[in-house]
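Trainee: In case you want the letters, here they are:
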Amino acid sequence: MNLLWSRLRSVKPMWYYAGLSALLLILPLLLDDYQTSVAVLAGIYVMLGLSLNIIVGYAGLFQLGHAAFYGLGAYTAAILNLHFGIPIFVLMPAGAIVAGLFAFLISRPILHLRGDYLCIVTIAFGEIFRIALKNDVFGLTGGPNGLYGISRPELLGLVFSRPIHYYYLVLTFVVFTVFAARRLEHSRLGRAWMYVREDELAAESMGVDTTRVKLIAFVVGSAWAGLAGVIYASRYRVIAPENFTFVESVIMFCIVVLGGIGSVPGILVGTAGMVVLPEMVRQAKNWRDAWLGVAMILMMIVRPEGLWPSRRVEFKIRGGEAPPPASSESK
Amino acid sequence: MGLLEVRGLTKNFGGLTAVVQLDFDLSEGEILGMIGPNGAGKTTVFNLITGIYPPTAGTIRFNGQNLAGLRPHHITELGIARTFQTIRLFPNLCVSENVMAGLHCRTRAGVWAAIARSEGQRQEELRIQRETEQQLRFMGLYEYRDELARNLPYGSQRRLEIARALATQPRLLILDEPAAGLNEQESAELMGLIRQIRTSDVTVLLIEHDMRVVMGISDRVVVLDNGQKIAEGTPGEIQSNPRVVEAYLGKEED
Chain A
1 MNLLWSRLRS VKPMWYYAGL SALLLILPLL LDDYQTSVAV LAGIYVMLGL SLNIIVGYAG
61 LFQLGHAAFY GLGAYTAAIL NLHFGIPIFV LMPAGAIVAG LFAFLISRPI LHLRGDYLCI
121 VTIAFGEIFR IALKNDVFGL TGGPNGLYGI SRPELLGLVF SRPIHYYYLV LTFVVFTVFA
181 ARRLEHSRLG RAWMYVREDE LAAESMGVDT TRVKLIAFVV GSAWAGLAGV IYASRYRVIA
241 PENFTFVESV IMFCIVVLGG IGSVPGILVG TAGMVVLPEM VRQAKNWRDA WLGVAMILMM
301 IVRPEGLWPS RRVEFKIRGG EAPPPASSES K
Chain B
1001 MGLLEVRGLT KNFGGLTAVV QLDFDLSEGE ILGMIGPNGA GKTTVFNLIT GIYPPTAGTI
1061 RFNGQNLAGL RPHHITELGI ARTFQTIRLF PNLCVSENVM AGLHCRTRAG VWAAIARSEG
1121 QRQEELRIQR ETEQQLRFMG LYEYRDELAR NLPYGSQRRL EIARALATQP RLLILDEPAA
1181 GLNEQESAEL MGLIRQIRTS DVTVLLIEHD MRVVMGISDR VVVLDNGQKI AEGTPGEIQS
1241 NPRVVEAYLG KEED
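Chain order of the listed sequences is A and B. If you're matching positions, the first sequence starts at 1 in my numbering and goes up one per residue. If you're matching positions, the second sequence starts at 1001 in my numbering and goes up one per residue.
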């Protein structure tokens, strides 16, 4: 096992990326429609996990209401599409902007406080949002039944109707999300988020406007969830308050923590465990909440840094010897 | 006009008065030492100047500007950088990333620039790397650049804190017990470094318990006891001041 591992590590990362890209490109040809649908759903959750990772993993903020921002994007798209017939592709930025705006409004007054307060406010916001949807707020959200009949995305005459269409749509967004997240991580802003996560007072004293960089993480992560929401709405064409409950937020949080906080591959592993596995094994789906609890407890005992952690977080949690300097991570 | 003017500075923590009606000035290019027994209020003064606590009363003017109500990052941006008494590096980040923290307030790239990797952003990253390298070489830490900060020997961690503070390009550098825990040779090196820092137009304010260090490099010394200034003068004057000997040096000689 160790030998295998060390051999795998010696393969140049470029080959992994090449292999993975090829697999992802031909994957729907190997899967039936149902399996492709699961892959589409998984892709949406990867986007959600990566967006939450900016908030929780990079900046170290606790956000337990991510589903609300996801829902804001979905409902923005549904309402504008149903009332004004605006095409889905135009609504993608709109969903992101609305989610980002709400993130700004609720976090701006409290971000200078300790992290626990943000956590409570996000839980509260998630609940308010769900209840408002249920009560058909302003007569726009359709109450408990939600909204249906959202139009399919259309691009250059192609109407997205089969799972395989959505597969490539979501894949494009996932690839872009990974790309953008990695660039953000290795930038001035990404470093500032790490400084805040490591020691907020020291960061502030070294000239980092900690409130501002936390706000940026929160707004960017939430806006991205809003975008994922638009895609979700156009994929299923029916949305209801039940899609955006607290449990959804917890699942997203678990994807990040289970996979490995701050780590992009970790999000993929986390999504596989939280979304794909329960879908593939239907009986397991009924047991998901139970297995989720057991898995989290086991994880915290056996592997608190997650299944595929970023090296930094691993050493922060585990302590001990320094990792070998990783050139890709250090610059 | 002084670079820093402190007038009537007072800080109460509940019923406890940590600093009372403190006045002092710091002129450009000077090294001012601040000494006093433990609990005299020295670190509180530093925290007031750097904006970590708001003062109860009094004013702090830096370069003519009142610092009241400004947040620490803003004060750093105006040109005051500090180190901490208990080292506060980013322990799980590497040495060069620690220094880069200081350059945050001197750079601008945001979300879009980072994702698009615009020309301006790349130039800025190059500048960050260049200036980081320069600071690391100056402080003799370049060989450790890829190590995690927490794996550095203690004396190097102290130097890394100074490097990080200097990276903010300060006009005033505030050092809170920089020689604490250093051996004799390291202290001597530190004094050399502080003198060198002064030659690059940085004014230095330091708290230090090591009398050899304070008396050796300070142009002037301010003595605090129970939050009040009890003496001010050249190191020679301070050493022969009976009040200081009674309040501070006397205790040590017992």
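Treat the hints with care, as some may be off.
Said to hold, decoys possible - Under 8 Å between C-beta atoms, here's a sample of chain A residues computed to sit facing chain B:
| # | residue |
| --- | --- |
| 1 | I97 |
| 2 | L101 |
| 3 | L105 |
| 4 | N135 |
| 5 | D136 |
| 6 | R183 |
| 7 | R188 |
| 8 | G207 |
Keep in mind that the hints were calculated from the coordinates and are not lab data. Ideal Cβ placement from N, Cα and C applies to all residues, glycine included.
Trainee: Hints first: check each against the structure and report whether it holds.
Mentor: Checked hints:
Interface restraint check: I97/A against chain B, minimum CB-CB distance 14 Å, threshold 8 Å, status violated. For L101/A, the shortest C-beta to C-beta distance to chain B is roughly 15 Å, which exceeds 8 Å, and the interface hint is violated. Of the supplied interface hints, the one on L105/A is violated, with its beta-carbon coming no nearer than about 19 Å to a beta-carbon of chain B, more than 8 Å. Nearest Cβ of chain B to the Cβ of N135/A: about 35 Å, over the 8 Å cut. The hint is violated.
A distance limit of 8 Å between C-beta atoms decides the matter here; for D136/A the minimum to chain B is near 35 Å, and the interface restraint is violated. Annotation: interface hint on R183/A holds; nearest CB of chain B at approximately 5 Å, less than 8 Å. Among the interface hints, the one on R188/A holds; its C-beta lies about 5 Å from the nearest C-beta in chain B, closer than the 8 Å criterion. A least Cβ separation of about 3 Å between G207/A and chain B falls short of the 8 Å threshold, and the interface hint therefore holds.
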